[in-house]
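So the sequences go chain by chain: A and B. Numbering of the first sequence is given in this note's numbering, commencing with residue 1 and proceeding in unit increments. Numbering of the second sequence is given in this note's numbering, commencing with residue 367 and proceeding in unit increments.
Since the hints were derived computationally from the structure, they do not count as laboratory data. These numbers come from a predicted model, not from an experiment. Do not take every clue at face value.
Said to hold, decoys possible - Listing some non-contacts, in silico: residues in chain B with all C-beta distances to chain A over 10 angstroms:
| id | residue |
| --- | --- |
| 1 | Arg494 |
| 2 | Gly519 |
| 3 | Gln643 |
| 4 | Ser679 |
| 5 | Thr680 |
| 6 | Tyr705 |
| 7 | Asp727 |
| 8 | Lys780 |
| 9 | Ser788 |
| 10 | Met794 |
| 11 | Ala816 |
| 12 | Leu820 |
| 13 | Ile827 |
To be verified - What follows is a set of in silico ranges between Cβ atoms, one per label pair, in the way DEER data are often shown:
| id | chain 1 | residue 1 | chain 2 | residue 2 | range |
| --- | --- | --- | --- | --- | --- |
| 14 | A | Asp255 | B | Arg834 | 18 to 26 angstroms |
| 15 | A | Asp341 | B | Asn375 | 51 to 59 angstroms |
| 16 | A | Glu42 | B | Gly715 | 36 to 44 angstroms |
| 17 | B | Lys801 | A | Thr259 | 30 to 38 angstroms |
| 18 | B | Asp835 | A | Ala347 | 29 to 37 angstroms |
| 19 | B | Phe709 | A | Ala277 | 46 to 54 angstroms |
| 20 | A | Thr301 | B | Ser679 | 23 to 31 angstroms |
| 21 | B | Lys723 | A | Lys257 | 30 to 38 angstroms |
| 22 | B | Asp521 | A | Ser89 | 16 to 24 angstroms |
| 23 | B | Ser637 | A | Glu330 | 39 to 47 angstroms |
| 24 | B | Arg834 | A | Ala347 | 19 to 27 angstroms |
| 25 | B | Gly600 | A | Ser89 | 51 to 59 angstroms |
As the list claims (entries may be wrong) - In the DSBU-like style, the derived pairs of lysine-lysine whose C-alpha atoms are separated by at most 35 angstroms in a straight line are:
| id | chain 1 | residue 1 | chain 2 | residue 2 |
| --- | --- | --- | --- | --- |
| 26 | A | Lys258 | B | Lys409 |
| 27 | B | Lys416 | A | Lys181 |
| 28 | B | Lys778 | A | Lys182 |
| 29 | B | Lys702 | A | Lys257 |
| 30 | B | Lys855 | B | Lys901 |
| 31 | B | Lys778 | A | Lys258 |
| 32 | A | Lys286 | B | Lys416 |
| 33 | A | Lys178 | B | Lys416 |
| 34 | B | Lys778 | A | Lys178 |
| 35 | B | Lys420 | A | Lys182 |
| 36 | A | Lys182 | B | Lys780 |
| 37 | B | Lys780 | A | Lys286 |
| 38 | A | Lys258 | B | Lys855 |
| 39 | B | Lys780 | A | Lys181 |
| 40 | B | Lys420 | A | Lys286 |
Cβ coordinates follow ideal geometry from the N, Cα and C atoms, glycine included.
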Amino acid sequence: MNTTRDFTELLKGCRPIKDSDGNIIVQSIMNMQIVCLTTDAEFSLDSRFANPLTSLTSSNSSYGQITFANKENKEVILPAQMAVITKQSAQNHGMVKAGYVPSKSSTTYHDAGCVQGSQGGHFRGTSEYRMIPVTMREMLFDAVGQTSGHGNIYPAIDKLGRDTQSNAGSYLNIYFEKYDKKLDEFIAHFERPRNLIGIIILIDGEIVAIDKFPSFTYAEQVWDLMIRDCYGALAIISELKNKTSSQEFTETYNDLKKTHQANVIDLLEKALKKTKANMTANVQEKIQELLELTFDAKLDTEGQSSSARAPKSYVLKTEGYVGQVITENEYNHLVSVVKRDRFDPNALREVNELRKKARRQDRFSL
Amino acid sequence: MEKLVLTQNMISAVKQSLVDGLTIASGSKSSATYYHSKDEQMKAIRVQIKNLYKLSKELPLIIASQKGVTGRFVSEVLLNEFKQTLKGGACNIVNPIDWYENGLGDKALLSGLNNLAGTDNGITYVLRLFIDLKNEKVNNERMRKIVLGFIWGQDNLEFYSMKYRNKIAQILKHVYGVKKTSILLSIANKQLLTNGLFDNDKELGIVNDSILKYFNGDSIRAFKLLLFLFKKSGVEYNADEFPLLSEYMKAQIDITNIQNVPEEVLLGLVSSVRHPQYHTLWSTELQRNATKAMIRKNVKVTSINQQVRQTKSTAKLGVQKTVDVQKVTDFLALYKTGYETSFTSEIKGAIASLATKKRIDDFYYQNIGIIVDDSISMTGHKTESKNTPRAIADFTAKVLMASAKDSAILVKTKDEVTDLASSFIELMKNESSAKPFDAIFILTDGYENAYDGLTNEVISIYRQESGRDIPMFQISPITSAEMGSNVRKLGSSVVTMAINNPTALQPQITARLLEVDTKMWLENQVRALEAAPVKRTKKININA
Numbered sequence: 001m002n003t004t005r006d007f008t009e010l011l012k013g014c015r016p017i018k019d020s021d022g023n024i025i026v027q028s029i030m031n032m033q034i035v036c037l038t039t040d041a042e043f044s045l046d047s048r049f050a051n052p053l054t055s056l057t058s059s060n061s062s063y064g065q066i067t068f069a070n071k072e073n074k075e076v077i078l079p080a081q082m083a084v085i086t087k088q089s090a091q092n093h094g095m096v097k098a099g100y101v102p103s104k105s106s107t108t109y110h111d112a113g114c115v116q117g118s119q120g121g122h123f124r125g126t127s128e129y130r131m132i133p134v135t136m137r138e139m140l141f142d143a144v145g146q147t148s149g150h151g152n153i154y155p156a157i158d159k160l161g162r163d164t165q166s167n168a169g170s171y172l173n174i175y176f177e178k179y180d181k182k183l184d185e186f187i188a189h190f191e192r193p194r195n196l197i198g199i200i201i202l203i204d205g206e207i208v209a210i211d212k213f214p215s216f217t218y219a220e221q222v223w224d225l226m227i228r229d230c231y232g233a234l235a236i237i238s239e240l241k242n243k244t245s246s247q248e249f250t251e252t253y254n255d256l257k258k259t260h261q262a263n264v265i266d267l268l269e270k271a272l273k274k275t276k277a278n279m280t281a282n283v284q285e286k287i288q289e290l291l292e293l294t295f296d297a298k299l300d301t302e303g304q305s306s307s308a309r310a311p312k313s314y315v316l317k318t319e320g321y322v323g324q325v326i327t328e329n330e331y332n333h334l335v336s337v338v339k340r341d342r343f344d345p346n347a348l349r350e351v352n353e354l355r356k357k358a359r360r361q362d363r364f365s366l
Numbered sequence: 367m368e369k370l371v372l373t374q375n376m377i378s379a380v381k382q383s384l385v386d387g388l389t390i391a392s393g394s395k396s397s398a399t400y401y402h403s404k405d406e407q408m409k410a411i412r413v414q415i416k417n418l419y420k421l422s423k424e425l426p427l428i429i430a431s432q433k434g435v436t437g438r439f440v441s442e443v444l445l446n447e448f449k450q451t452l453k454g455g456a457c458n459i460v461n462p463i464d465w466y467e468n469g470l471g472d473k474a475l476l477s478g479l480n481n482l483a484g485t486d487n488g489i490t491y492v493l494r495l496f497i498d499l500k501n502e503k504v505n506n507e508r509m510r511k512i513v514l515g516f517i518w519g520q521d522n523l524e525f526y527s528m529k530y531r532n533k534i535a536q537i538l539k540h541v542y543g544v545k546k547t548s549i550l551l552s553i554a555n556k557q558l559l560t561n562g563l564f565d566n567d568k569e570l571g572i573v574n575d576s577i578l579k580y581f582n583g584d585s586i587r588a589f590k591l592l593l594f595l596f597k598k599s600g601v602e603y604n605a606d607e608f609p610l611l612s613e614y615m616k617a618q619i620d621i622t623n624i625q626n627v628p629e630e631v632l633l634g635l636v637s638s639v640r641h642p643q644y645h646t647l648w649s650t651e652l653q654r655n656a657t658k659a660m661i662r663k664n665v666k667v668t669s670i671n672q673q674v675r676q677t678k679s680t681a682k683l684g685v686q687k688t689v690d691v692q693k694v695t696d697f698l699a700l701y702k703t704g705y706e707t708s709f710t711s712e713i714k715g716a717i718a719s720l721a722t723k724k725r726i727d728d729f730y731y732q733n734i735g736i737i738v739d740d741s742i743s744m745t746g747h748k749t750e751s752k753n754t755p756r757a758i759a760d761f762t763a764k765v766l767m768a769s770a771k772d773s774a775i776l777v778k779t780k781d782e783v784t785d786l787a788s789s790f791i792e793l794m795k796n797e798s799s800a801k802p803f804d805a806i807f808i809l810t811d812g813y814e815n816a817y818d819g820l821t822n823e824v825i826s827i828y829r830q831e832s833g834r835d836i837p838m839f840q841i842s843p844i845t846s847a848e849m850g851s852n853v854r855k856l857g858s859s860v861v862t863m864a865i866n867n868p869t870a871l872q873p874q875i876t877a878r879l880l881e882v883d884t885k886m887w888l889e890n891q892v893r894a895l896e897a898a899p900v901k902r903t904k905k906i907n908i909n910a
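Bound-form chain A, shown alone (with noise of 0.2 angstroms):
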């Protein structure tokens, strides 16, 4: 069943998090940026689902797929492409894309990938999981319920191997290995805000990924492997390409220096509300453009719940953008969406303009 959803319906009831001067709080380092969204609380679900790291035991018998078994009485929402790293002697797994597994049961997904070459063997009632880095996440989305072979991934961990220098192949634990400890370091730079409920990622204050969470509870249980495995990725590549953070305040004060007769402090305050301002303005600016976008929405069925009451699974494609929902009655319990590598977002930028422009014409008469 193909259907089509507005960006702005798949994040309904969430709102980017605001300082107390009203400035959506930028969390930032070098080029990246992570912009963290909350809900009210009747909208965090957070008693109806378990954990998912921990409540999961995994499982494969055959190369390309993966069984997760719910072990709590709780349903549990798989967070979008997990990676089975195990130290078992049995070829590492990942998904690609998130899924959906009842109380007390398990679910097979098909389409699952290798992530470990030519590693042999099955692993059994593990749960040590990894998010698959957000750079891959594109290819994995086009990807889902592709069940032939097991090699659904390998393009992608190939392709992060060239952009992160890890040489990784077909081997993921190769990049992780490489860049664990830059990683843990990374989580430290960001702070989880109290009630989150999704994040926004930046890269050269183009927006690139976005996820929302079923919960704060949810939120709070993926956070760091989020920001070090899946984020992660995007600073380790940002590194490798010398971006910096640019001085922002300096310019900013230097500007107003030029205008302003103002004490020192008073100009400095000024500067720092400027440039919290202009931060707030670009982010805004670009959530904008995307408030524009609407997604094609196609069920997937492979390996979900074919329960009418389960919620349904439905990827999303638009021009420059791929990624997922997990729905329910109209009611998104999670999303993730990915910028296309190659996209660029002025191509957008060209069509919303002319799309403003036809909505202010009058419609022919004479």
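Take the given structure of chain A and dock chain B to it, following the hints.
Then chain B, alone, in the frame of chain A:
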């Protein structure tokens, strides 16, 4: 003391190592931080100590003798020192004649040990260190003499024998060796029967060398303690001579009405199925809870710091116990109890008065500004050190306020993420023109979120535009493993220091002097060590 042998070429390397070493020593705890596990922290501490030792063997011990250094750091320094041979490592700062022949090395080691024993819960740190010596199979003459001097020299050895019985027995067995332990126990047994008469000079020599030259008391008392530690039966402990051990003996049969045996010891006794009261006091959950409550109510030897930490569990056990929080000396106990239960007016009052008690005498600054980072990362690690950084920062701010000679203004960050730049501006706006700040202290873990380096930009511009060169100190309650157990710096415009306790503040500030004249600073430290009134035993000084 001869002049230092430190060469000009080495000064810059020594200076940097000392600054880093002091930072780590004052801030590094063995517990996990918000960002790093215990293992990572420990690894970073060990690497730093190894580097210091490699540069010159005196450096780790000089740092371990400073006030305010953490127990974990001192333990690791001493463990490292004991592992090396007496003459191992290069002596590049002090003249080797002073270090080896004139006993300076011995004094440095004993100063470190005294420093360790003097910290809160010092005895547990020292015993843990001695157990580590056993685990690491360290056994040499110097180590043996120092360990025996410490244990047998304890004034309250009777209490420690009861509370840390197994640990002390393990340590003594390691130091004496299996054979000598057996000989000593056999002599002790015999001596109790013959009332202090030795069979021959050989026995007397063994006992003198192994116990009596370290012990402040008569031989019969020492033997009874030794036999108790090694769980030998048939010894009588009368209440006049051994008020605590006699109660312990009673508790082996009946734990009700026991007041002078530590709670954990009583729980250990009654929870054993061999205890006569096991089936009436411990075999069901209901019995266990009632017994725990009874013990909590009766025992009078629980330290006041421990009592306040037990507030929550005491209430859970349904025991009414009044704790005089004004007597608490451990600020973390007060804060953690406050976080777990609530900050009652008594706890707040106790914190305020403890901060006043701990104020720094001869504090250098008159008017100070303080910024406290109140962001989420300051809550510490989820499980192991929850709220510790926040408590350290908050209490340090209070101590600083009490220490400033004239005035202090405090500003806390407002939002959940770290925005110190706004707080700096707020602080400067609140500065009184009549009492301008002569120092600013920023208490933070150093992780900025608004964007990395923003505060440094703001402060740099402020300094440049105002022409004021106010000393600014970044005080971090945590050190970060990824920074090699050092402080994550806000930037070049502030001086960084790590502290785990406000006691470390003044040494940290004065330690900055070493950056001005490293050689002079070192000379002062070595002279202080030389003058330290420490001995391996309280009775006589022994040259290894």
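Here is how each hint holds up against the structure:
At the 10 angstroms boundary, the C-beta of arginine 494 (chain B) stays outside the reach of chain A, the nearest C-beta of that chain being 28 angstroms off. Taking the minimum C-beta to C-beta distance to chain A, about 44 angstroms, the non-interface status of glycine 519 (chain B) holds against the 10 angstroms cut. Consistency note on glutamine 643 (chain B): stated as away from chain A, and its beta-carbon is indeed over 10 angstroms from all of that chain's, at 40 angstroms minimum. Under the 10 angstroms C-beta cut-off, the non-interface status given to serine 679 (chain B) relative to chain A holds; the minimum distance is some 27 angstroms.
Once the 10 angstroms rule is applied to beta carbons, threonine 680 (chain B) is consistent with being away from chain A; the minimum gap is 30 angstroms. Every beta carbon of chain A lies more than 10 angstroms from that of tyrosine 705 (chain B), the smallest distance being close to 16 angstroms; the non-interface claim holds. Under the 10 angstroms C-beta cut-off, the non-interface status given to aspartate 727 (chain B) relative to chain A holds; the minimum distance is some 33 angstroms. Taking the minimum C-beta to C-beta distance to chain A, about 5 angstroms, the non-interface status of lysine 780 (chain B) is violated against the 10 angstroms cut.
Under the 10 angstroms C-beta cut-off, the non-interface status given to serine 788 (chain B) relative to chain A is violated; the minimum distance is some 6 angstroms. For methionine 794 (chain B), the shortest C-beta to C-beta distance to chain A comes to about 5 angstroms, within the 10 angstroms cut-off, and the non-interface label is violated. Alanine 816 (chain B), annotated as away from the interface, has a beta carbon of chain A within 10 angstroms; the closest lies near 7 angstroms. Interface exclusion of leucine 820 (chain B) from chain A breaks down, the closest Cβ pair being 6 angstroms apart, not more than 10 angstroms.
In this structure isoleucine 827 (chain B) is not separated from chain A by more than 10 angstroms, as the shortest Cβ-Cβ distance comes to only about 6 angstroms. Our hint of 18 to 26 angstroms for aspartate 255 (chain A) and arginine 834 (chain B) holds, since their Cβ atoms are close to 24 angstroms apart. Look at aspartate 341 (chain A) against asparagine 375 (chain B): about 53 angstroms separates their beta carbons, and that is inside 51 to 59 angstroms. Our hint of 36 to 44 angstroms for glutamate 42 (chain A) and glycine 715 (chain B) holds, since their Cβ atoms are close to 40 angstroms apart.
For the pair lysine 801 (chain B) and threonine 259 (chain A), the supplied restraint of 30 to 38 angstroms holds, since their beta-carbon distance comes to about 33 angstroms. Look at aspartate 835 (chain B) against alanine 347 (chain A): about 52 angstroms separates their beta carbons, and that is not inside 29 to 37 angstroms. Evaluation of the 46 to 54 angstroms hint for phenylalanine 709 (chain B) and alanine 277 (chain A) yields a failure: the beta carbon distance comes to about 36 angstroms. The hinted window of 23 to 31 angstroms between threonine 301 (chain A) and serine 679 (chain B) is violated, with their beta carbons roughly 53 angstroms apart.
Checked against the hint of 30 to 38 angstroms, the C-beta distance between lysine 723 (chain B) and lysine 257 (chain A) comes to roughly 47 angstroms, which is inconsistent with it. One distance hint, 16 to 24 angstroms for the beta-carbon pair aspartate 521 (chain B) and serine 89 (chain A), is violated here, with the actual separation near 58 angstroms. At roughly 57 angstroms, the beta-carbon separation of serine 637 (chain B) and glutamate 330 (chain A) lies outside the given 39 to 47 angstroms, and the hint is violated. For arginine 834 (chain B) paired with alanine 347 (chain A), a C-beta distance near 51 angstroms fails the hint of 19 to 27 angstroms.
In this structure the hint that glycine 600 (chain B) and serine 89 (chain A) lie 51 to 59 angstroms apart at CB holds, the actual value being about 57 angstroms. Among the hinted pairs, lysine 258 (chain A) with lysine 409 (chain B) is inconsistent with the structure: their alpha-carbon atoms are about 51 angstroms apart, more than 35 angstroms. Straight-line distance between C-alpha atoms of lysine 416 (chain B) and lysine 181 (chain A) comes to about 21 angstroms, which keeps the hinted pair within the 35 angstroms bound. For the proposed pair lysine 778 (chain B) and lysine 182 (chain A), the alpha carbon gap of about 31 angstroms is at most 35 angstroms, so the pair holds.
Between lysine 702 (chain B) and lysine 257 (chain A), the direct Cα distance comes to roughly 47 angstroms. Violation of the 35 angstroms bound is thereby established for this hinted pair. For the suggested pair lysine 855 (chain B) and lysine 901 (chain B), the alpha carbons sit about 40 angstroms apart, so the restraint of at most 35 angstroms is broken. Between the alpha carbons of lysine 778 (chain B) and lysine 258 (chain A) the distance comes to roughly 32 angstroms, so the proposed pair stays at or under 35 angstroms and holds. Between lysine 286 (chain A) and lysine 416 (chain B), the direct Cα distance comes to roughly 51 angstroms. Violation of the 35 angstroms bound is thereby established for this hinted pair.
The suggested pairing of lysine 178 (chain A) with lysine 416 (chain B) holds, with an alpha-carbon distance near 26 angstroms, which does not exceed 35 angstroms. Pair hint lysine 778 (chain B) plus lysine 178 (chain A) does not hold up; C-alpha atoms about 39 angstroms apart against a cutoff of 35 angstroms. For the hint linking lysine 420 (chain B) to lysine 182 (chain A), the alpha-carbon distance of about 27 angstroms falls within 35 angstroms, and the restraint holds. In summary, the hint linking lysine 182 (chain A) to lysine 780 (chain B) is supported, as the alpha carbons are separated by about 30 angstroms, within the 35 angstroms threshold.
For a cut-off of 35 angstroms, the pair hint linking lysine 780 (chain B) to lysine 286 (chain A) stands: about 27 angstroms separates their Cα positions. Distance hint between lysine 258 (chain A) and lysine 855 (chain B) is fulfilled; the C-alpha atoms sit about 31 angstroms from each other, no more than 35 angstroms. Restraint check for lysine 780 (chain B) and lysine 181 (chain A): satisfied, since their Cα atoms lie roughly 31 angstroms apart, inside the 35 angstroms limit. In summary, the hint linking lysine 420 (chain B) to lysine 286 (chain A) is not supported, as the alpha carbons are separated by about 54 angstroms, beyond the 35 angstroms threshold.
In summary, the numbered hints that this structure violates are 8, 9, 10, 11, 12, 13, 18, 19, 20, 21, 22, 23, 24, 26, 29, 30, 32, 34 and 40.
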